[in-house]
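Start from the sequences and build out the full structure, keeping to the hints where you can.
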Amino acid sequence: MARSSRVAPAPASASNGQAILGQAINSLRNNHDAAGALDILTRHAALFPHSPLAAERSVLEIEALLALGRRDEALARLDGMSLDNTPRGAERHVVRGELRARAQRWRDAIADFDQALTHANGTKAWQERALWGRAVARARAGDEAAARADLQTYLRLYPKGRFASEAARLLAAAE
Amino acid sequence: MKSASFVVVASALWLAAPALAAPLVTSDSDCPSAADVTTRLAGLWSGNSSASAMAHIRVEVGQMTVDLVSESEPAVSRTLPTEADCESRAQAAALVIAAWLDSRPSGPLGEVEPAAAPPFELATVRAPTPIASPLPSPPPPPLPSRFFLGVGGLASLDSRGGGAILSTEAAWLRLVGRVGLGVGLSFPLPREMAVGQGKARWWRPVVALALRIPLAEGTWIVEGGIGPALGLLVVAGSGFSQNHTDAVASWGATVGFRLARRSRGRTTWADLRGLLWPAAQNIRNDVPGSVPHLEALPRIEAQLGLGFSFALL
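Protein sequences appear in the order of chains S and P.
So the first sequence is numbered by the numbering used here: it starts at 4 and just counts up by one.
So the second sequence is numbered by the numbering used here: it starts at 6 and just counts up by one.
I should point out that these hints are in silico values taken from the structure, not numbers from a laboratory.
The beta-carbon is built from N, C-alpha and C at its ideal position, and this holds for glycine as well.
A few of these clues could be false.
[Said to hold, decoys possible] Reference listing, derived: stretches of chain S covered by chain P, where coverage requires no fewer than 3 residues with Cβ under 8 Å from a Cβ of chain P:
id, segment
1, 24-38
2, 52-59
3, 91-102
4, 167-176
[What the hints assert, rightly or not] Quick list of the computed label-pair ranges, beta carbon to beta carbon:
id, chain 1, residue 1, chain 2, residue 2, range
5, P, 192, S, 149, 40 to 50 Å
6, P, 52, S, 45, 22 to 32 Å
7, S, 87, P, 67, 23 to 33 Å
8, P, 66, S, 79, 30 to 40 Å
9, P, 48, S, 84, 24 to 34 Å
10, P, 67, S, 57, 11 to 21 Å
11, P, 173, S, 160, 34 to 44 Å
[As the list claims (entries may be wrong)] Partial selection, computed: residues in chain P whose CB lies under 10 Å from chain S:
id, residue
12, 51
13, 88
14, 97
15, 100
16, 102
17, 103
18, 221
19, 226
20, 229
21, 233
This is the structure in structure tokens:
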């Protein structure tokens, strides 16, 4: 990936801050240069620590970290965010739940998946991910009855879902 | 952020906002106008988002509120202090919309995967074990391949009558995606037929390779299988003036269905199979000074049986 999106020193004005964030977005999503985008965002944070667009900057930083595979850092940032009442909050709850599950923080992961599922927000694909993730986390947390219930619900709602065969196998193994 | 109150309006316009495109932007002000925000958003929007989205801008005293609606979620508002000029307001609104509503197709926050297939058995594992690392989306996560060894007994039926078969098999489930691979060895009991003045004792052990595809999965599993077969026909004559023994290999094909139930690593199954031998095979009785006597061997066999398999891996 090219890393050409560097930001020249500039006075810390609001319009400059907006321009820098715009560069970061283009670098991350249009040029697929996550490392370059992260550099730009770091510079933005140094120049505009109290920017009214700080929340947007955090979202972009997390996206860049995930694109770079720096999942522990991404999780640390997500842990510091309130995901309630954020746009596409259900999706972010699912992602954070998955990262927490990866870190074996089963109870925290369950809480995130609960949030994504309780209000039935997000698209069907994200709901499917949340239900499967919660089944996994519940099983790992030792709550086998709840995990089994999630797996049964999963198979009922997504009989041809991406985890259907594995869910069926786990249920059969649990019998 | 607070939940916005323009959900009803947004819902009415929802169908007008095409998925995968920049969101529909509306504004109750000329500073910024919807057109200005849309123009700036066009330079930021990647077009990679898989979800429909809409945005509405409200300007009040000292603050600008951007209401954001994404697919299947309630509207959420983002409030910023107002900038002095309309261009900055438009750019700020565009940044807010792009940051929250546009994202890579693999997920809103990047290439993160669903909690991957858990290497656990509900009934047996209590202690936490590492979950597999998130994998790139959208390709489905690799499910663990499962290796089984099995044995079964089958009855066969063909144009020459019936017979019994002992069958063994090795199978890798989900070897490539949902498709598995099976290798089977079938040993029929020898059979006998009259040929001219004597008798021929024949048997045809078969090794078959089959792609196995799950057709239904749940408590009961239905699989389909199809693949090539290699048979070794062994014939021994008796009661002739000169008795011969011969062996010849021939290619065929197998197709079948399996109804199975898995429990704790053991699978009990019932198979219905068919075997086809494209090349004709005959047993010949040569009589000096006369026309040879031919008896054709069956080219189509049906098999029905029961068996069980054990998971090894």
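Right, here's what the structure says about each hint:
1. 24-38: holds (count 7)
2. 52-59: With 4 residues closer than 8 Å to chain P, the segment 52-59 of chain S meets the three-residue bar; holds.
3. 91-102: holds (count 10)
4. 167-176: holds (count 9)
5. 192/P with 149/S: 40 to 50 Å: 48 Å, holds
6. 52/P with 45/S: 22 to 32 Å: Between residue 52/P and residue 45/S, where Cβ atoms are some 26 Å apart, the hint holds.
7. 87/S with 67/P: 23 to 33 Å: About 25 Å separates the Cβ atoms of residue 87/S and residue 67/P, which means 23 to 33 Å holds.
8. 66/P with 79/S: 30 to 40 Å: 38 Å, holds
9. 48/P with 84/S: 24 to 34 Å: 27 Å, holds
10. 67/P with 57/S: 11 to 21 Å: Since the Cβ atoms of residue 67/P and residue 57/S sit about 19 Å apart, the hinted range of 11 to 21 Å holds.
11. 173/P with 160/S: 34 to 44 Å: 39 Å, holds
12. 51: It holds, given that the least Cβ distance between residue 51/P and chain S is near 4 Å, below 10 Å.
13. 88: Holds, about 6 Å.
14. 97: With a closest approach of 6 Å, the residue 97/P hint holds.
15. 100: With a minimum Cβ separation of about 5 Å from chain S (threshold 10 Å), the hint on residue 100/P holds.
16. 102: 9 Å, holds
17. 103: Residue 103/P check passes; min Cβ-Cβ to chain S is 6 Å, inside 10 Å.
18. 221: Constraint on residue 221/P satisfied, holds at 9 Å.
19. 226: Holds: closest Cβ of chain S sits about 8 Å from residue 226/P, inside 10 Å.
20. 229: With a minimum Cβ separation of about 15 Å from chain S (threshold 10 Å), the hint on residue 229/P is violated.
21. 233: 26 Å, violated
Consistency with the previously given hints fails for numbers 20 and 21, ordered from lowest to highest.
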